Amino acid sequence: MDLKKLVEPESIAVIGVSLTNPFNPANIIYSKNHYHYKARTYGVNPNGGSIYGQKIYTSITEIPDKIDLAVLAIRAELVPAALRECISKGVAGAIIISGGFAEAGRKDLQDEVVKISREHDFPVIGPNCIGIYSHPLIDTSFAQNERLIYTRRGNVSLISQSGGILLDLIIKLTQEGVGIARTVSVGNKAVVDEVELLKYFKNDNRTKVIGMYLEGFNAERGRLFIEEADKLNKPVVMFKSGKTPSGLKAVSSHTASIAGDYMVFSEVLKGSRAMEVETVGEFVSFCEAFSYYPKTAINNNICVISVSGGHGAMAADCCYTAGLNNVAIPSADQDKLRSLLSKNIQAIASLSNPLDLTGSTGDDDIYVTTKFFMDKDYVDCIVLLLLPYVPHLSSDIGARIAQLVMEYKKPIITYMPHVDKYGIFVDGFEANGIPVAHSVSGAITMAKGLARRRL
Amino acid sequence: MKPEVKNILNNSVKSGWVLEPLAKEIIKSYGLAASIFVWAKTMEEVLQGAKKVGYPLVAKIVSEKIIHKSDVGGVVVGVRDNNQMLEVFEKFSKLDGFDGVLLDEMLSGSEVIFGSKNDAQFGVVVMIGIGGTAVEVYKDVALRMAPVTKEIAVAALHSLKGIKLLQGYRGKEVVNLEKLAQAVVKFSDMAYDLKDEVESMDLNPVMCNKDKATVADARIILKTK
Chain A
1 MDLKKLVEPE SIAVIGVSLT NPFNPANIIY SKNHYHYKAR TYGVNPNGGS IYGQKIYTSI
61 TEIPDKIDLA VLAIRAELVP AALRECISKG VAGAIIISGG FAEAGRKDLQ DEVVKISREH
121 DFPVIGPNCI GIYSHPLIDT SFAQNERLIY TRRGNVSLIS QSGGILLDLI IKLTQEGVGI
181 ARTVSVGNKA VVDEVELLKY FKNDNRTKVI GMYLEGFNAE RGRLFIEEAD KLNKPVVMFK
241 SGKTPSGLKA VSSHTASIAG DYMVFSEVLK GSRAMEVETV GEFVSFCEAF SYYPKTAINN
301 NICVISVSGG HGAMAADCCY TAGLNNVAIP SADQDKLRSL LSKNIQAIAS LSNPLDLTGS
361 TGDDDIYVTT KFFMDKDYVD CIVLLLLPYV PHLSSDIGAR IAQLVMEYKK PIITYMPHVD
421 KYGIFVDGFE ANGIPVAHSV SGAITMAKGL ARRRL
Chain B
1 MKPEVKNILN NSVKSGWVLE PLAKEIIKSY GLAASIFVWA KTMEEVLQGA KKVGYPLVAK
61 IVSEKIIHKS DVGGVVVGVR DNNQMLEVFE KFSKLDGFDG VLLDEMLSGS EVIFGSKNDA
121 QFGVVVMIGI GGTAVEVYKD VALRMAPVTK EIAVAALHSL KGIKLLQGYR GKEVVNLEKL
181 AQAVVKFSDM AYDLKDEVES MDLNPVMCNK DKATVADARI ILKTK
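Listed in order, the protein sequences are those of chains A and B. In this text, residue positions in the first sequence follow my numbering: the first is 1, and each later residue adds one. In this text, residue positions in the second sequence follow my numbering: the first is 1, and each later residue adds one.
Since the hints were derived computationally from the structure, they do not count as laboratory data. Small disclaimer: the values here were computed from a predicted structure and weren't measured. Errors might be hidden in some of the hints.
Claimed, not checked - In silico DMTMM-like links for lysine to aspartate or glutamate, alpha-carbon gap of 25 Å or less:
{"#": "1", "chain 1": "A", "residue 1": "K243", "chain 2": "A", "residue 2": "E227"}
{"#": "2", "chain 1": "B", "residue 1": "K161", "chain 2": "A", "residue 2": "D317"}
{"#": "3", "chain 1": "B", "residue 1": "K186", "chain 2": "A", "residue 2": "E220"}
{"#": "4", "chain 1": "A", "residue 1": "K231", "chain 2": "B", "residue 2": "D189"}
{"#": "5", "chain 1": "A", "residue 1": "K234", "chain 2": "B", "residue 2": "E151"}
{"#": "6", "chain 1": "B", "residue 1": "K195", "chain 2": "A", "residue 2": "E220"}
{"#": "7", "chain 1": "A", "residue 1": "K270", "chain 2": "B", "residue 2": "E178"}
{"#": "8", "chain 1": "B", "residue 1": "K139", "chain 2": "B", "residue 2": "E178"}
{"#": "9", "chain 1": "A", "residue 1": "K243", "chain 2": "B", "residue 2": "D140"}
{"#": "10", "chain 1": "A", "residue 1": "K421", "chain 2": "A", "residue 2": "E407"}
{"#": "11", "chain 1": "A", "residue 1": "K270", "chain 2": "B", "residue 2": "E136"}
{"#": "12", "chain 1": "A", "residue 1": "K343", "chain 2": "A", "residue 2": "D396"}
{"#": "13", "chain 1": "B", "residue 1": "K150", "chain 2": "A", "residue 2": "E227"}
{"#": "14", "chain 1": "A", "residue 1": "K270", "chain 2": "B", "residue 2": "D189"}
{"#": "15", "chain 1": "B", "residue 1": "K41", "chain 2": "B", "residue 2": "E105"}
{"#": "16", "chain 1": "A", "residue 1": "K295", "chain 2": "A", "residue 2": "D377"}
{"#": "17", "chain 1": "A", "residue 1": "K270", "chain 2": "B", "residue 2": "D96"}
{"#": "18", "chain 1": "B", "residue 1": "K69", "chain 2": "B", "residue 2": "D96"}
{"#": "19", "chain 1": "A", "residue 1": "K66", "chain 2": "A", "residue 2": "D2"}
{"#": "20", "chain 1": "A", "residue 1": "K243", "chain 2": "B", "residue 2": "E136"}
{"#": "21", "chain 1": "B", "residue 1": "K225", "chain 2": "B", "residue 2": "E197"}
{"#": "22", "chain 1": "B", "residue 1": "K186", "chain 2": "A", "residue 2": "D317"}
{"#": "23", "chain 1": "B", "residue 1": "K225", "chain 2": "A", "residue 2": "D377"}
{"#": "24", "chain 1": "A", "residue 1": "K410", "chain 2": "A", "residue 2": "E176"}
{"#": "25", "chain 1": "B", "residue 1": "K139", "chain 2": "A", "residue 2": "E278"}
{"#": "26", "chain 1": "A", "residue 1": "K231", "chain 2": "B", "residue 2": "D193"}
{"#": "27", "chain 1": "B", "residue 1": "K161", "chain 2": "A", "residue 2": "D261"}
{"#": "28", "chain 1": "A", "residue 1": "K270", "chain 2": "B", "residue 2": "E151"}
{"#": "29", "chain 1": "A", "residue 1": "K409", "chain 2": "A", "residue 2": "D363"}
{"#": "30", "chain 1": "A", "residue 1": "K270", "chain 2": "B", "residue 2": "E111"}
{"#": "31", "chain 1": "A", "residue 1": "K295", "chain 2": "B", "residue 2": "E151"}
{"#": "32", "chain 1": "A", "residue 1": "K240", "chain 2": "B", "residue 2": "D140"}
{"#": "33", "chain 1": "B", "residue 1": "K225", "chain 2": "A", "residue 2": "E220"}
{"#": "34", "chain 1": "A", "residue 1": "K270", "chain 2": "B", "residue 2": "D140"}
{"#": "35", "chain 1": "B", "residue 1": "K139", "chain 2": "A", "residue 2": "D261"}
{"#": "36", "chain 1": "B", "residue 1": "K195", "chain 2": "A", "residue 2": "D230"}
{"#": "37", "chain 1": "B", "residue 1": "K186", "chain 2": "B", "residue 2": "E105"}
Same shape as in the complex, but just chain B (with noise of 0.2 Å):
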């Protein structure tokens, strides 16, 4: 493990998960591709940021106390301009714990889920499916433990019933699965690397197109020693 995601791990014991932007940093440094973004925490910082991931983007609520940032009207997709930015803000502000925005790149493409958790029987596993928001709903998703190899990657990702989804169903882009294998391993690999620290992971989503697959959200949960 590098020293500098030793060091953000050891800093967010007190919450018990990773905040968003560094949560970031981490998938990073395992070399997965996450989307532009800028930590912001003053008015001055947000209009420069903003410049810097260009607009519309996404602004999300940085606090240690809100886990489910949807949940209480943290996140808010498509901001236009320095106007409607300020007045996220300005909301943002208000919320418990607050602790800057998030300004992340809008990203397109398919969504997909990459997960992990620690099983009692088989250590740590590893999660990937299809659908974003609505993967609790159809459970279409394929566990192995980890780390994968690209093979066995490339054979989970064929053994979800929405594969069709990413190979250009009725129209859709086609999402390049090369790449999009590559990264499950990537994840496989930090997954397991993380495994004495980390309780459960979930990169969701992961924005698939014809390119790349890129890491929208990221969410780490650690263990409670």
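Only chain A is shown next, with the shape it has when bound in the complex (with noise of 0.2 Å):
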């Protein structure tokens, strides 16, 4: 199926729009559309009329413009009439907000839709979903733009079962500086899944990082969407719940009793290149990590330089619970590093890993550090502890270690305090493309993402 004109659509009909109540979702998605976004906007409604000035149509086959996107947000009984029409007008494909289907107890009602939209090879997304954002393009939620948030463009796409989850998941990454390219809530997916979805990322440009919140495939969905995610050369981060046991069943074989639904899940996932997460922070940080560096896996040994002993110690906590490695640094080197350092730190400074450049140091002797491990192949990734607190630190730092992660294709992660106040260093760093966690653990968990993952 063929999802380009669904995602990316240049004219849209919203279906149900209301003459009477401005709250009414499709009201809502229509002035959203219509006023903020750049897809050509039309409104139907049976009774015809105008709201706010624009001509309201009786049917879609009326509007006077070719209609790449249908919204629907009518019952659900009337859904299955308002497909074939939105079909007769040749529209590239139609989103079904409305619930009232398999989840309401009427698969019957969905089991039409789905046998409408295979007979004409109709995309639809839904039902009970919000639907499609796609900036500049098109905002199908039915929340209104004051209740969201101005969100960053970016790389990272996101699929939701949840439209919920979804929305909570684009505060989360944008309050950490990731930016979205579009989100899909698919709902009950009774067309289109995970798996349709997944062969649209792969052909978008504007998509590097693909994020998911799911609560299972449907029947042998799974395995396909394995299939394309070890296809797919972007990462795909996924959050799952329903995890917890539905209740033993009685079996015969050892590795039926064993091998339960979320084992099998979690199990056949680390044998693909799909990387699951244990919290929405990990999955935050995950798509941090790889919004910033998409195509880059690396191996487990990390070195860290800090400005504080107690926050090179908490990271080499973290580093253990997570697997990496705090690499061993030879004497050598040490010795030869302590040579490159001003006076300042030279006598002072603990240069076993993590390094703890105390609070004396600044930009240059950062830089130098930072410099001379970019060059040794027995790190794979830098994390540096920056404080805004230390004196000789400047807020051109971030433009300076962006400079050597151009020059020596190695990733570096940051961990700076978030607040107001320290923007122009966290700018520094992630205008200049480098991301910048707002605490030390999710520093490490976004090394623990580049780590994880197998090209």
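Hints given; two lone chains; assemble the complex.
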């Protein structure tokens, strides 16, 4: 199924716009897209008329424009007939926002949707979803703009089985400075599911990272998903819920009794290139790391450079728990590095990993130390723990360190406390292509993500 | 699927699972190594078979009615001689659905389990785990979609916590991991080939030593049609 026009439409029709209730989901979707997004937007209501001075069409077939996407927010029973109208109009695909299908005991209605879709090779998202966010073209969620946050343009696309979780994840990623490409809420995924979307995102130039919230795959779709994910040259990060066993079945083989649904899921993912994460925090960190380093996978040898012994010790613990190796630095290299440091810290810096350059350090020593290890094959990734309380640290540090990433093609991850006051330090890194975590463990979790990935 | 395998499966549909000696024939046809065994139904066959297998041996009940053999005292390990063998035969012949005795070679080595099942989301998956009967307690297992490549089999084995137990932990015999991984690949090919007929399988234990991985017991549960 070709999803391109559905995800990147030039024109949309919102079916179910109310003439009397401005809070009707269809009205929110209509106004939001009409006023704030680029796709040409038309409203449909069988009674016609106008709202906000705009003509409302009695049927999608009456609209004097080619329509790429129809957004249906009407009663479930009316959906099949509306889909047929869309198909006769030559629409490229539909999103069914409405609930009232399989999730509400009306599998028959959902089956009808599937039948219509398959007969006409007509892609359908949903039902029971908030559809697609594809800036600057469309946002079909029925939350008003003032209830959402401004996202950053970026390269992470999301697929979610829950609309509510999807909006949560968008907020968490945005707060962490991660930019969003597109998001799709799949709802009941009667037709278009994760497998179809992976195929679409594979060819979508804006998408470099795919994040997923999943409850479960449809029957036999898990295998196809894994096969697609293994062919895909983009990282897939997945958070799953519904992990708890759903009651014991009497089974006669050991294998069947040991290997419950979640164990199979989790194990099969371990054997694939898709990465399951355990917490939402890990989800955000992995997505952040890959959004900055979408083509990177590393071994697990980490070098931690800190300006505070405590932060270094915390990072070392986090590395241990994450299965990362705080690589040992040969004493000859420690001596060599010491000779390169400024007089301020030469005598007091601790140069075994995690390194503590102390609060007397400044930009030059941090730069020299980082460069020293960028050039060492035994280090796969450098984690910089920087504190703006250190007097000699300047806001130029991010831009200088970023030059090293470009020169040596080795990832650097930074920790810096995230408060508005330090924004210029953080931006110095992020604007120059280096991710900044707001906690030490967040920084190490990013490194864990890069080390988990298999190219 | 080879015709002889199809034949065994067809004949096992009624009970819903494949008797151990027949299950071993199936796994051998897929190139896996099985213990030396004889399926003996009379006293004469038992004594002849024991000569072939050699004492000490393992005697197991063969009965369509008994899938969990140990639970009913249907397994005797370390049968020493003809006298004990005949006693065991006598005892087994009183068990429900008696259809002979399986005389099985005694194997030594580390116990590994191979399993397979049909998963609703991922289709047929194979499981490998360490610990024989304790596998349900420790759940130290890895699962991958069948069929697996050699590379995946090796990585899956190394994902087990207990892999050290197979690598000569504290003087234990080192297991031939190369042969073990090859066996996992063959088993996964078999599980994939049988996916339309078989619901789940246990090869438990697979006895692993420095030379090879040998299947000592096999249970094949068929799909109910």
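Structure-based check of all given hints:
In summary, the hint linking A/K243 to A/E227 is supported, as the alpha carbons are separated by about 22 Å, within the 25 Å threshold. With a C-alpha separation of about 21 Å, the suggested pairing of B/K161 with A/D317 holds against the 25 Å cut-off. Proposed proximity of B/K186 and A/E220 is supported: the alpha carbons are some 23 Å apart, at most 25 Å. Only pairs whose Cα atoms come within 25 Å are accepted, and A/K231 paired with B/D189 is accepted, the gap being roughly 21 Å.
Note on A/K234 and B/E151: the hinted pairing holds, with a Cα-Cα distance of about 22 Å set against a maximum of 25 Å. At most 25 Å may separate the alpha-carbon atoms for a hinted pair to count; B/K195 and A/E220 meet this at roughly 13 Å. For a cut-off of 25 Å, the pair hint linking A/K270 to B/E178 stands: about 21 Å separates their Cα positions. Between B/K139 and B/E178 the CA atoms are separated by roughly 23 Å; this keeps the pair inside 25 Å, and the hint holds.
For the given pair, A/K243 sits about 18 Å from B/D140 by alpha-carbon distance, which is consistent with the 25 Å threshold. As the CA atoms of A/K421 and A/E407 are separated by approximately 30 Å, the hinted pair breaks the 25 Å bound. A threshold of 25 Å between alpha carbons decides the hint, and for A/K270 with B/E136 the separation of about 21 Å falls inside it, so the pair holds. Between A/K343 and A/D396 the alpha-carbon distance is near 21 Å, which keeps this suggested pair within the 25 Å criterion.
Distance hint between B/K150 and A/E227 is fulfilled; the C-alpha atoms sit about 17 Å from each other, no more than 25 Å. Of the pairs offered as hints, the one joining A/K270 and B/D189 holds, with about 20 Å between alpha carbons and a cut-off of 25 Å not exceeded. Among the hinted pairs, B/K41 with B/E105 is consistent with the structure: their alpha-carbon atoms are about 17 Å apart, no more than 25 Å. Among the hinted pairs, A/K295 with A/D377 is consistent with the structure: their alpha-carbon atoms are about 19 Å apart, no more than 25 Å.
For the hint pairing A/K270 with B/D96, the CA-to-CA distance comes to about 44 Å; that exceeds 25 Å, so the pair is violated. About 11 Å separates the Cα atoms of B/K69 and B/D96, which keeps this hinted pair within 25 Å; it holds. Taking the CA atoms of A/K66 and A/D2, the gap is about 17 Å. The hint holds against a cut of 25 Å. Our distance criterion of 25 Å between C-alpha atoms is met by A/K243 and B/E136, whose separation comes to about 19 Å.
Restraint check: the Cα-Cα separation between B/K225 and B/E197 comes to about 9 Å, which is no more than 25 Å; the hinted pair holds. Restraint check for B/K186 and A/D317: the C-alpha separation of about 41 Å exceeds 25 Å, so the hint is violated. As the CA atoms of B/K225 and A/D377 are separated by approximately 58 Å, the hinted pair breaks the 25 Å bound. Between the alpha carbons of A/K410 and A/E176 the distance comes to roughly 22 Å, so the proposed pair stays at or under 25 Å and holds.
A hinted pair counts as satisfied when its Cα atoms are at most 25 Å apart, and B/K139 with A/E278 qualifies at roughly 19 Å. Annotation: proposed proximity of A/K231 to B/D193 holds, straight-line Cα distance about 24 Å (limit 25 Å). Taking the CA atoms of B/K161 and A/D261, the gap is about 21 Å. The hint holds against a cut of 25 Å. Proposed proximity of A/K270 and B/E151 is supported: the alpha carbons are some 14 Å apart, at most 25 Å.
This hinted pair checks out: A/K409 and A/D363 have alpha carbons roughly 21 Å apart, not beyond 25 Å. A distance of roughly 24 Å separates the Cα atoms of A/K270 and B/E111; the hinted pair therefore holds under the 25 Å criterion. A threshold of 25 Å between alpha carbons decides the hint, and for A/K295 with B/E151 the separation of about 23 Å falls inside it, so the pair holds. With a CA separation close to 21 Å, the supplied pair A/K240 and B/D140 stays within the 25 Å bound.
Straight-line distance between C-alpha atoms of B/K225 and A/E220 comes to about 19 Å, which keeps the hinted pair within the 25 Å bound. Taken as a hint, the A/K270 and B/D140 pair is honoured in the structure, with Cα atoms around 14 Å apart against an allowance of 25 Å. Annotation: proposed proximity of B/K139 to A/D261 holds, straight-line Cα distance about 14 Å (limit 25 Å). Between the alpha carbons of B/K195 and A/D230 the distance comes to roughly 22 Å, so the proposed pair stays at or under 25 Å and holds.
With a C-alpha separation of about 22 Å, the suggested pairing of B/K186 with B/E105 holds against the 25 Å cut-off.
This entry does not satisfy hints 10, 17, 22 and 23, going by the numbered hints stated previously.
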